[in-house]
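Participant: Each protein sequence line maps, in turn, to chains A and B. In terms of numbering that gives the first Met the number 0, the numbers along the first sequence are unbroken and rise by one, the last being 889. In terms of numbering that gives the first Met the number 0, the numbers along the second sequence are unbroken and rise by one, the last being 109.
If you are wondering where the hints come from, they were derived from the structure by calculation, not from laboratory data. A few of these clues could be false.
[What the hints assert, rightly or not] Quick list of in silico lysine-lysine cross-link-like pairs, BS3-like style, CA-CA up to 30 angstroms:
#, chain 1, residue 1, chain 2, residue 2
1, B, 63, A, 35
2, A, 258, A, 276
3, A, 61, B, 97
4, A, 650, A, 683
5, A, 61, B, 63
6, A, 745, A, 428
7, B, 85, A, 61
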Amino acid sequence: MLQDLRLRLRALFQKNAMDLELNEELRFHFDNEVEKYKRAGMREDAARRRARLVFGGHQQVKEDCQDARGISFLETTTQDVRYSLRAMRKNPGFFSIAALTLALGIGASIAVFSLVNTILLKPLPYPNANRVVMLWREGPLAGVGDMPWAPGEYSVLARAATAFQNLGAFKKDSFNLTGASSPELLEGVRASAGLFPALGVSPLLGRTFTAEEDQPGYDHVTVLSNRLWQSRFGGDTGIVGKIIDLNGYPYTVIGVMPKSFTFPNQDGIPPILDLPKETQLWVPLALPVAPKGANELGVIGQLKSNGTLGMVVQDMNVTERSLEEHIPQEKGWSSRVVLLTQQTVTDARRPLLLLLGAVSVVLLIACANVAGLTLNRSLGRRRELTLRGALGAGRSRLVRQLMTESLLLAFVGGIMGILFGEASLYLVKHFGPDSIPHLHETGLDLRLIGFALGITLITGLLFGLAPAVGATRMNMVEALKEGGQRSVGSATAPRIRNALLIAQVAMALVLVVASGLLVRTFYSMLRSDAGFDVARIVTFELPLPTSKYADTGRMAQLYQQVLLRLQSVPGVRSAGFASVVPMGGAPDGTVIRMPEHPTTKRSEQPYANYSFASPGYFATMGTPLLRGRDFSDADTLNSVPVVIISSSMAKKYFHGEDPVGKQVGVATTKIPVRTIIGVVANIKHASLREEPDPEMFVPYTQNEIKVWPSMQTMQFAVRSRTDQTAIAESVRQAVHAVDPDLPVAKFATLATLVDRSMTADRFSMLLVGSFGVLALILASIGMYGVISYSVMQRTPEIGVRIALGAQRTQIFVMILRQASRLAVSGIAIGLIAALGATRLMTRFLYGVQPADPITFAVVSLLLASVAFLACYVPARKAMKVDPMIALRYE
Amino acid sequence: MTDQHIDLPQGTLDLLILRTLALGSQHGWAISERVQQVSSDVLRIQQGSLYPALHRLERRGWIKAEWGMSENNRRAKYYELTRSGKKQLEVETDSWRKLAAAVAQILESV
Chain A
0 MLQDLRLRLR
10 ALFQKNAMDL
20 ELNEELRFHF
30 DNEVEKYKRA
40 GMREDAARRR
50 ARLVFGGHQQ
60 VKEDCQDARG
70 ISFLETTTQD
80 VRYSLRAMRK
90 NPGFFSIAAL
100 TLALGIGASI
110 AVFSLVNTIL
120 LKPLPYPNAN
130 RVVMLWREGP
140 LAGVGDMPWA
150 PGEYSVLARA
160 ATAFQNLGAF
170 KKDSFNLTGA
180 SSPELLEGVR
190 ASAGLFPALG
200 VSPLLGRTFT
210 AEEDQPGYDH
220 VTVLSNRLWQ
230 SRFGGDTGIV
240 GKIIDLNGYP
250 YTVIGVMPKS
260 FTFPNQDGIP
270 PILDLPKETQ
280 LWVPLALPVA
290 PKGANELGVI
300 GQLKSNGTLG
310 MVVQDMNVTE
320 RSLEEHIPQE
330 KGWSSRVVLL
340 TQQTVTDARR
350 PLLLLLGAVS
360 VVLLIACANV
370 AGLTLNRSLG
380 RRRELTLRGA
390 LGAGRSRLVR
400 QLMTESLLLA
410 FVGGIMGILF
420 GEASLYLVKH
430 FGPDSIPHLH
440 ETGLDLRLIG
450 FALGITLITG
460 LLFGLAPAVG
470 ATRMNMVEAL
480 KEGGQRSVGS
490 ATAPRIRNAL
500 LIAQVAMALV
510 LVVASGLLVR
520 TFYSMLRSDA
530 GFDVARIVTF
540 ELPLPTSKYA
550 DTGRMAQLYQ
560 QVLLRLQSVP
570 GVRSAGFASV
580 VPMGGAPDGT
590 VIRMPEHPTT
600 KRSEQPYANY
610 SFASPGYFAT
620 MGTPLLRGRD
630 FSDADTLNSV
640 PVVIISSSMA
650 KKYFHGEDPV
660 GKQVGVATTK
670 IPVRTIIGVV
680 ANIKHASLRE
690 EPDPEMFVPY
700 TQNEIKVWPS
710 MQTMQFAVRS
720 RTDQTAIAES
730 VRQAVHAVDP
740 DLPVAKFATL
750 ATLVDRSMTA
760 DRFSMLLVGS
770 FGVLALILAS
780 IGMYGVISYS
790 VMQRTPEIGV
800 RIALGAQRTQ
810 IFVMILRQAS
820 RLAVSGIAIG
830 LIAALGATRL
840 MTRFLYGVQP
850 ADPITFAVVS
860 LLLASVAFLA
870 CYVPARKAMK
880 VDPMIALRYE
Chain B
0 MTDQHIDLPQ
10 GTLDLLILRT
20 LALGSQHGWA
30 ISERVQQVSS
40 DVLRIQQGSL
50 YPALHRLERR
60 GWIKAEWGMS
70 ENNRRAKYYE
80 LTRSGKKQLE
90 VETDSWRKLA
100 AAVAQILESV
């Protein structure tokens, strides 16, 4: 064995030395032979001739010896590679098109796979991630699902549930950090003590909350995020134990979290919880003992070590009864349990599945394309292959040669693909939407390179093997006889080629239809009626510190002062505020009652969003007042309570009657109903593609409920006369003239916010669109290849036709007819496939049907014209065939 | 080249080479001469088969080659049996004897 290997290696690497030795050995033998004959009495030349005769072919002996040395496998491979490289140099056009096609297909797949890899497959950075569930409240009404928990519900849950090791509740809160440097508004979270242990995360410094600290009055402690600790406190390792000022109260820093921990944040958690994009600090939730309260808490639970999801579900059913016992309104409600790992794979991540589908189609087209090209090429090489076969190359040897070429091609394509993929990842990372979590962590890793090599190899084998076997399965005698002519080839080859082409056209059509639908979606979003006019509007948030502004009367007074100041700022045309402005978050909602339309069934309980608004808010936003009047300064606590409803609320609950003058109120009868004074157009809140919920607006001066909804934060909208950014400073000054400690948060132009809300849609549209373009390019390359090859094959036939008097235009039409048969079949099959495929896209679409006839028609036309362009050149070439030259070929 | 030459049956060449080398190391030409001599000119090894066979046997590790000086003072490649070559010689001799005996038995029985 060892000897064998040594000699094989020597044969490979010291080929020349071995050859010299062999020569010398044979020479020695030959000379001895001559000597022998001479001794027997022959003359020198006779002896030599005799020796040569006995000796046989010197070269043959040498080759037999080389074979005997057993070098064939490695040597043949290097030979094959060398031969393939030569073949590629001889045919750079084929090679570069094929390699480029592969590179595009593989590159796009790598890019998308690495996105999917990072965003869908990477585990959450919490040790217990797989054993943590998120809990939601499900209302008895249609459309009321996945609601947050109310504090009252949570405290019952915490007492009654037995299936959890740890429970954690949280809600968003913002904190005004004052002190040494300028006031800063921090986006934080109020979290119960169980949150950190439930996830299994320990702090980097210090500790997290104790159960004692999670009680009102003991809760002035805070845990900082790594980023806040670095940016605001310079990474001071002595921070634990220091006091900072939040909302005007002293808080003791008790811990700092590791870098990877920012839970909870927007990442994968529905916008109803309105969490910060990145949590900067945590403060104990410290729930007061109170009745139900507002549904505003997110709840997670860690399963017990031997617990299962099924046990949790059972446990929740038991808990449900206890909830009904303690809180009468809970009747009909239930809970939904979802694993945190699944919770986070939500809407933000779904576009990736779309991309994965799109890119697989691109890869398939690329493979079909290269297979077609390779098949053409190996058919074109029949003569060469036949000749090599006739000279003694075995069939397996020829197949191997073709395979080597394919693999080499795939390899080069793969390398280029990795580079191309890396480049596209770079672009996606820099221009991708913020809403996709972990996007910036995406990069090539080992698994990815394995994946790339995998598809490279499979592609290489797929498109290498079929043509290789096809091209070598032929009658050698026939082929040689036909050798001089450009034979039509076996009957199956063109059929395979045409099928490949039709498949390419069909797949390209599906992709382009998909991109077309996404483009239409995007434009219907832009054109859709958002209920406001973004031009020259800036919005900002004004959170009032609880220490200074405790009661709603004091708050209303402050907001009024700010509003008056703002209205007198030069350049401001109008100003107003509301609980939430568009793109500012989710409004609160409530079950309502309408005395004129009493409901008996619980399941039909009406509900609506419930927000405060100021007089002039709708005018500022450009929201049309469809009926009635706006709020005025005369609407006070002493006047009739009034309300303005949205047109969707009017439509849903007043069915065509005029709602103005009718009455509506929150469900509890303790609070008097309000009189509807106006109807405004629907205002979209989080996205241009949402279907607006029923909404009611209450003047901020008539807050008789006081405890709900919170008036602690209002969002302002200011419409300027000219340039909106120029007034930023005057707006700040106006606010600070009223109270210099107030932070002006989230200052932004509404246009920017709306634009940002569309990044995910734009991202899908651009990526799927570029895959569509890629598919079109690949399909037209394929079309061009097939048609020009068939023109080349038919040159003699065309020559004869022309010689016999066919018109040149007839030839042109004949080629086009052949091409259009293929294109039309491709388009027809593609249309059918697209009808099925686009139905899967419904959730990505807005304002357009999955089977949108306009898109389908336009895309079919587009594909037909691309196909026409692709075969125009070869058809022109056919038209110009010179019969003399064509016939001389024969 | 007289009529009494007969072709070597398949597989016997290796046996003859191994047997010849059992007497001591030899170069290729001497091996072929010796086989011819000992067989009283009945067996002749064609060079075209001798050298590939030698290289094959070397690869299998039954013989090993070394350059040395010949009787007429030229560099020549000498082959000698290795230990596994000796074993192989025994195996092949044994099986050849059995084969020859069996063939003879059949031929005589008719």
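Participant: Hint by hint, note whether the structure agrees.
Facilitator: Hints, one by one, checked against the model:
1. B/63 <-> A/35: holds, 27 angstroms
2. A/258 <-> A/276: Since the Cα atoms of residue 258 of chain A and residue 276 of chain A sit roughly 15 angstroms apart, the hinted pair holds (cutoff 30 angstroms).
3. A/61 <-> B/97: Roughly 35 angstroms between the alpha carbons, so the hint for residue 61 of chain A and residue 97 of chain B is violated.
4. A/650 <-> A/683: Given that 30 angstroms is the threshold and the Cα spacing comes to 16 angstroms, the pair holds.
5. A/61 <-> B/63: holds, 19 angstroms
6. A/745 <-> A/428: Roughly 24 angstroms separates the two Cα atoms, so the pair holds.
7. B/85 <-> A/61: The hint holds at about 27 angstroms.
Consistency with the previously given hints fails for number 3 only.
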